[in-house]
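Trainee: Chain by chain, the residues run as shown.
Protein chains: 2
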Amino acid sequence: MDVTVAIDCMGGDHGASVTVPAAIEWSRRDPSCRFILVGLEAVLQLELAKAGAASDSRFTIRHATEVVAMDEPPASALRGKKDSSMRVAIDLVKSGEAQACVSAGNTGALMAISRFVLKTLPGIDRPAIATMLPTVKGHTHILDLGANVDCSAEHLLQFAVMGSELVASVEMKPRPSVGLLNIGEEDIKGNETVKQAAELLRASGLNFYGNVEGDDIYKGTTDVVVCDGFVGNVALKTSEGLAQMLRTYLREEFGRNLLTRAAALVAMPVLKAFKRRVDHRRYNGASLLGLRGVVIKSHGSADAYAFRHAIQHAVEEVRTGVLDHITQRMAAQQKVQA
Amino acid sequence: MDVTVAIDCMGGDHGASVTVPAAIEWSRRDPSCRFILVGLEAVLQLELAKAGAASDSRFTIRHATEVVAMDEPPASALRGKKDSSMRVAIDLVKSGEAQACVSAGNTGALMAISRFVLKTLPGIDRPAIATMLPTVKGHTHILDLGANVDCSAEHLLQFAVMGSELVASVEMKPRPSVGLLNIGEEDIKGNETVKQAAELLRASGLNFYGNVEGDDIYKGTTDVVVCDGFVGNVALKTSEGLAQMLRTYLREEFGRNLLTRAAALVAMPVLKAFKRRVDHRRYNGASLLGLRGVVIKSHGSADAYAFRHAIQHAVEEVRTGVLDHITQRMAAQQKVQA
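Chains A and B are the protein sequences, given in the same order. Our numbering numbers the first residue of the first sequence as 268 and each following residue consecutively. Our numbering numbers the first residue of the second sequence as 268 and each following residue consecutively.
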């Protein structure tokens with residue numbers, strides 16, 4: 268199936284020097300994927316030429332004069348920069364010229380502009396940010412990761428439907444299990460919102476596993492983990508911090524003296540295999556789920572390898588029709604409730 | 268300074284076979300520490316005899332016939348088991364026979380009984396659970412870890428005061444820095460409670476750093492990290508899950524074949540040094556902070572080495588007068604507000 272992806276080429280820490288090579292790399296693997304590269308025309312032409320793709324008809328350039336800064340307030344990006352590469356890329360999804368948009372830019376701005384331009388799917392009050400994380404068993408999907416700091420039980424139910432349909436579509440798992448992030452497995456645990464959400468989930472027809480705790484994320488207890496954006500964001504960033512600390516410790520211990528450095532040489536192939544396995548770049552690309560269009564947020568510091576994975580997520584979501592499935596499921600859900 | 272610690276010897280996964288040896292081990296390092304061992308007399312006598320400490324006058328046994336089960340509802344432990352080792356140990360703190368209590372038992376029950384028997388310090392509405400975590404720079408203290416699922420801004424301020432006085436006392440750091448766990452550094456981030464808490468903290472006279480994010484915990488950005496119990500519990504358990512997954516991965520990669528196992532042998536001293544450094548047993552012992560008495564919760568699965576660290580925390584909190592400092596600070600705080 269032909270897919271056209273709009274790339275916000277100027278977003279992120281590295282801009283076009285990462286986004287364009289990533290798109291070209293993906294185009295080599297996926298001949299039926301087309302790209303609209305959005306940003307400063309001269310810069311994008313140069314990047315295409317550098318990679319020998321200047322004459323590849325699958326790439327078109329859409330000139331955009333502005334760039335949303337990484338620390339720019341979302342409201343200013345939304346109101347003040349109508350010709351930013353981010354805004355133009357999202358507009359292309361709205362107009363139907365592209366089916367998905369990928370950006371490594373400012374998350375808050377991307378969410379604000381996407382919501383304003385694309386609106387949410389029927390039955391969805393708020394979009395959520397979903398990402399994949401590695402687990403002992405494989406991987407899991409967790410949402411929301413920070414789009415919504417105050418969630419009602421109904422919002423958590425909507426996140427569960429979206430996460431469930433995402434996994435069902437993209438991973439072809441018919442009834443993915445859904446866990447509700449809490450501070451204990453028992454029903455009496457947690458705050459009022461979480462308790463109410465558990466009741467809604469039990470009645471939802473989803474494959475609801477019940478409450479899960481923080482350690483269940485990496486145990487891979489469920490296919491989907493649902494939580495409010497405050498908790499999800501803290502869980503994700505805490506993980507990043509811990510992983511970084513352990514990396515530092517491991518490097519320090521192996522670098523301590525000549526003997527440990529020799530041991531590091533011997534252990535290098537194993538350490539590399541370990542590193543590959545936990546390489547967060549393979550998990551790059553969070554879905555802004557619940558919008559009328561596929562929008563994928565890449566990590567701002569992504570390199571071309573990581574950004575390519577974000578593109579891959581966008582393409583998979585389009586090809587497997589995630590958004591249609593969410594819409595259908597929400598309609599069925601509301602019929603049951605009515 | 269002489270300190271008497273009451274040990275709930277029957278709590279935790281291993282009971283007296285861990286708690287008594289840990290107490291004996293600590294008594295060898297700290298001659299002016301006395302212990303009241305609470306539990307089944309015959310069992311405790313046997314454990315003392317096994318370790319050659321039967322005639323050591325620093326150990327007394329207080330017979331208690333019941334044990335709080337690890338999965339027992341707190342209310343049932345509180346109302347139904349007046350002669351549990353946990354309850355009797357806490358009663359000893361209340362009566363002044365002991366200055367601190369250490370238990371590896373059921374957290375919910377320990378909190379409920381401690382709150383009922385000891386009450387909270389003046390100015391403190393709710394006790395919080397605080398623990399130490401390793402960081403790139405050293406370590407940090409985080410609270411609350413699950414005692415309070417719904418916190419007001421005032422509660423978060425009280426946690427900050429308690430955490431700050433804990434670090435000031437035990438680590439002799441005059442003005443420990445305090446971070447408020449949030450999903451962004453900017454003031455506009457987070458939910459209403461967190462925003463209000465930030466305002467209270469700015470006006471509090473504490474050394475308030477501002478908002479911190481999840482990764483700041485392990486970066487060691489601040490000496491104290493304050494959050495509500497839901498978020499803190501998820502952050503802690505998520506960390507445990509991630510650490511466990513990375514251990515599994517590392518073991519799998521080093522165990523893959525003969526070559527990698529040979530590499531593991533060569534790297535063993537380094538891996539052991541790494542393991543020592545992240546050994547969570549050294550961080551065992553969470554403070555139930557804000558009660559009129561020192562109560563330390565050990566991990567249920569603690570071994571004697573880990574439990575000894577929990578005892579050490581108890582002794583340090585008594586000797587450095589943490590609770591007096593919290594009381595004084597709260598009184599000063601309330602004078603400012605009045």
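Don't read these hints as lab results, they were simulated from the structure. Keep in mind that the hints are not guaranteed to be accurate.
If you want a taste of the chain B side facing chain A, the calculated C-beta under 7 Å gives, among others [as the list claims (entries may be wrong)]:
hint, residue
1, ASP269
2, VAL270
3, ASN458
4, MET597
5, GLN601
Far from chain B, by Cβ distances over 10 Å, these chain A residues were calculated [claimed, not checked]:
hint, residue
6, ASP269
7, ASP280
8, THR402
9, LYS456
10, LEU467
11, GLU520
12, ARG544
We put the CB at the ideal spot given by N, CA and C, even for glycine.
Trainee: Would you mind marking each hint as holding or not holding in the structure?
Mentor: Structure-based check of all given hints:
1. Below 7 Å, beta-carbon pairs count as interface contacts, and B/ASP269 has none with chain A, the closest being about 38 Å; its hint is therefore violated.
2. Because the closest C-beta pair between B/VAL270 and chain A is about 32 Å apart, greater than 7 Å, the hint is violated.
3. Proximity of B/ASN458 to chain A holds as hinted, the smallest CB-CB distance being about 4 Å (cut-off 7 Å).
4. Because the smallest distance between the Cβ of B/MET597 and any Cβ of chain A comes to about 26 Å, over 7 Å, the interface hint for this residue is violated.
5. The beta carbon of B/GLN601 comes no nearer than 28 Å to any beta carbon in chain A, farther than 7 Å, and the hint placing it at the interface is violated.
6. With 10 Å as the threshold on Cβ separation, the claim that A/ASP269 sits away from chain B holds: the shortest Cβ distance comes to roughly 38 Å.
7. In this structure A/ASP280 is separated from chain B by more than 10 Å, as the shortest Cβ-Cβ distance comes to about 17 Å.
8. Residue placement check: A/THR402 does not keep its beta carbon more than 10 Å from all beta carbons of chain B (closest about 7 Å).
9. Here A/LYS456 does not stay apart from chain B, with its beta-carbon only about 8 Å from theirs, under the 10 Å limit.
10. Even its closest Cβ contact with chain B, about 18 Å, leaves A/LEU467 beyond 10 Å, as expected for a residue assigned away from the interface.
11. For A/GLU520, the requirement that its beta carbon stay farther than 10 Å from each beta carbon of chain B is not met, with the minimum near 5 Å.
12. Not every beta carbon of chain B lies more than 10 Å from that of A/ARG544, the smallest distance being close to 6 Å; the non-interface claim is violated.
Hint violations for this structure: numbers 1, 2, 4, 5, 8, 9, 11 and 12, all remaining hints satisfied.
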